[in-house]
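Produce the entire structure from the sequences given, and follow the hints as far as they go.
Protein chains: 2
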Amino acid sequence: MKIAIDGMGGDNAPQVIVRGVVDGVNEFGHNVVIVGDKLSIERELSGLKFPAERIEVCHSSQVVEMGESPAVTIRKKKDSSISVGVRLVKEGKADAFVSAGNTGAVVCAATLYLGLLPGIERAGIAIIYPTPAGISMLIDVGANITPKPIHLLQYGFMGDAYSKHILGKKNPTIGLLNVGEEETKGTDFVKETHKLLIDSMLNFVGNIEGRDIFSGKTDVIVCDGFAGNVVLKVAESLTLTISKFLRRELNKNVITRLGALLSRPAFKGLKKDLDYTEYGGAPLLGVAGAITICHGSSNAKAIKNAVRVTGEYVNRRVNEHIAEEIASDIS
Amino acid sequence: MKIAIDGMGGDNAPQVIVRGVVDGVNEFGHNVVIVGDKLSIERELSGLKFPAERIEVCHSSQVVEMGESPAVTIRKKKDSSISVGVRLVKEGKADAFVSAGNTGAVVCAATLYLGLLPGIERAGIAIIYPTPAGISMLIDVGANITPKPIHLLQYGFMGDAYSKHILGKKNPTIGLLNVGEEETKGTDFVKETHKLLIDSMLNFVGNIEGRDIFSGKTDVIVCDGFAGNVVLKVAESLTLTISKFLRRELNKNVITRLGALLSRPAFKGLKKDLDYTEYGGAPLLGVAGAITICHGSSNAKAIKNAVRVTGEYVNRRVNEHIAEEIASDIS
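Chains as they are written, first to last, in my numbering: chain D, 1 to 331; chain R, 1 to 331.
Please note that the accuracy of each hint is not assured.
Identical copies go unnamed one by one, so any copy, or any two together, can satisfy a pair.
What the hints assert, rightly or not - Think about it this way: if two alpha-carbon atoms lie no more than 25 Å apart in a straight line, the pair counts; the simulated BS3-like pairs of lysine-lysine are:
(1) Lys-90 - Lys-76
(2) Lys-271 - Lys-244
(3) Lys-217 - Lys-244
(4) Lys-76 - Lys-185
(5) Lys-301 - Lys-268
(6) Lys-93 - Lys-148
(7) Lys-169 - Lys-244
(8) Lys-90 - Lys-217
(9) Lys-272 - Lys-244
(10) Lys-185 - Lys-78
(11) Lys-271 - Lys-252
(12) Lys-217 - Lys-38
(13) Lys-185 - Lys-268
(14) Lys-2 - Lys-49
(15) Lys-148 - Lys-185
(16) Lys-148 - Lys-244
Bear in mind the hints are in silico, worked out from the structure with no lab data behind them.
This is the structure we're talking about:
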């Protein structure tokens, strides 16, 4: 197995990417090919220890910037690290692709070059996150901001397969994001999606509200990419906002400052509980290939863990399971 | 001025409602009329001290339950505390109505009995919340889950007037919730709304992302009621989830438990920073009347503060300002 990695994507590329990849190779024994400016990547590699036969560099001359329009950039920058990396998968020279670069461009390149799995009409980005009741996942957080109900049904199958084969859940529960639990609630889009999910073979438990996303009420939550994107960004920022308020309060006097000092291991523990880098990125589900999208501000640990989960994704044949589930539900 | 209060709405009605109202009357000197089961309300009032001439009870024989369908219940339960309370406003017997009951039923009754302000086509529920950069507001969090772009423009004017006249902001900034900042991003709905906001007299600063809602980037954020409802519920639940994780971590050993003890004033301060009860409920903007919707789990303090902000809403003639702004933008 070989994993292609976008060496140029993310706020701290290529340095942080290369370090994370080397850590991943050393820890998990995967073979990788880092795509991007050969000179810069080799410079980063030069000081690090790793089995030389496990890391290749594949040169690409262009970089997709974070603000660029995905559709335009994929057409114009055919030699970008994203396009080249995805094409390595297409051509069978790699089994998977990991990028912390422009999310839209990765979705666009993957859909264009790899196509979708049989029975899937749209790709969805899933985030995997900790809750007090265990790990849950939310699909879609922005690949498709104007989906049809059938796309959300397909996300349900993707989430089900991922939950079973990567997260080890036996019979994952699936919830539909809505403004209320009753099936009469919501937009026409949500009501129609509800019907499709009820009629499917999925373990659909009904509508869930925003408050249930991070309580862990269901293993999988499906929603349109607009709402999902807002949820993802609210969650990230609210954690920061609460920390800011708490820090301000803890700094108010000597006693609370001492309290904060003694509580430090707990704050570190909390940080770890909420640490997205443990989960190593968001799988782009539905495309005919294993693609992991990492946060633009990923650190080396996030990239290392992305190498791990992407390897699991390939080894456990998640895409085959998604296609099988869809096929058996249709038949 | 007289404020009507739903004595039967909310998880702990009528006890908590009556206590909150009495505290509000004693502290702010408003006159109120509590609507609901006369016997129960008078029983709650009997042990409390307040100027008798300031609190009336208006009997109503029915109660709207939390799970009931708003449209059906407003037609069938004409003598519910919600319908009676809103009609008191309609008939000029009260200047405002406050309820911690079924939100949909309050929106429905208010729209039906009071109608909308000139130039407004849909009501919107606004939440007011603290950010590290000051107080912000988000409209709509669920009154209207399938709005048109023009409705969001109208929310912009409502938020602008509220921000100026209640929150004391000079020239409030208005943001539009989207999946990215560029104006080319988002659904057709969002793009069309963006155009309307650009062409308006509002201090529109452009698209903002989910991460900017709680950072306080803009004073007012407008969005569709589906996304807004999800944001509201995610924010409420995530605060609880983070507290749960933190409590678990703080309990891990003697040192962190001691740290937690010393830090307690900071945690209390944080709780106060994030305490929605300080803001006393969510104004239902756009209807021809002053309506405040409180959280179903409101405590006496939340109800007391709802009495305060509702009084301010009436005294500062927010509805007149909204109508003026809309009129001057059209002309």
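Okay, the hints, checked on the actual structure:
In this homomeric assembly, Lys-90 and Lys-76 come within 25 Å of each other (Cα to Cα) only inside a single copy, at 19 Å, whereas the closest approach across copies is 62 Å. In this assembly of identical chains, Lys-271 and Lys-244 lie within 25 Å of each other by CA distance both inside one copy and across copies; the values are 13 Å within and 13 Å between. Proximity of Lys-217 to Lys-244 under the C-alpha cut-off of 25 Å is restricted to the inter-copy arrangement: shortest distance 15 Å between copies versus 28 Å within a copy. In this homomeric assembly, Lys-76 and Lys-185 come within 25 Å of each other (Cα to Cα) only across copies, at 19 Å, whereas the closest approach inside a single copy is 44 Å.
In the homo-oligomer, the alpha carbons of Lys-301 and Lys-268 lie at most 25 Å apart inside one protomer (16 Å), although the nearest pairing across protomers, at 34 Å, exceeds that limit. Within a single copy, Lys-93 and Lys-148 get their C-alpha atoms no closer than 34 Å, and across copies no closer than 48 Å, so neither meets the 25 Å cut-off. For the homomeric pair Lys-169 and Lys-244, the shortest alpha-carbon distance between copies (23 Å) is at most 25 Å, but the shortest distance inside one copy (35 Å) is not. Neither within a single protomer nor between protomers do Lys-90 and Lys-217 lie at most 25 Å apart by alpha-carbon distance, with minima of 38 Å and 42 Å respectively.
Taking the shortest alpha-carbon separations for Lys-272 and Lys-244, both the intra-copy value of 17 Å and the inter-copy value of 14 Å come in at or below 25 Å. In this assembly of identical chains, the alpha carbons of Lys-185 and Lys-78 lie at most 25 Å apart only when taken from different copies (23 Å versus 46 Å within one copy). For a Cα distance limit of 25 Å, the shortest separation of Lys-271 from Lys-252 qualifies both inside one copy, at 22 Å, and across copies, at 15 Å. Proximity of Lys-217 and Lys-38 under a CA criterion of 25 Å is satisfied in neither setting, with 46 Å inside one chain copy and 40 Å between copies.
Proximity of Lys-185 to Lys-268 under the C-alpha cut-off of 25 Å is found in neither arrangement, the shortest distances being 41 Å within a copy and 37 Å between copies. For the homomeric pair Lys-2 and Lys-49, the shortest alpha-carbon distance inside one copy (19 Å) is at most 25 Å, but the shortest distance between copies (76 Å) is not. For the homomeric pair Lys-148 and Lys-185, the shortest alpha-carbon distances inside one copy (18 Å) and between copies (19 Å) are both at most 25 Å. Proximity of Lys-148 to Lys-244 under the C-alpha cut-off of 25 Å is found in neither arrangement, the shortest distances being 39 Å within a copy and 36 Å between copies.
Violated hints for the displayed structure, listed by number in ascending order: 6, 8, 12, 13 and 16.
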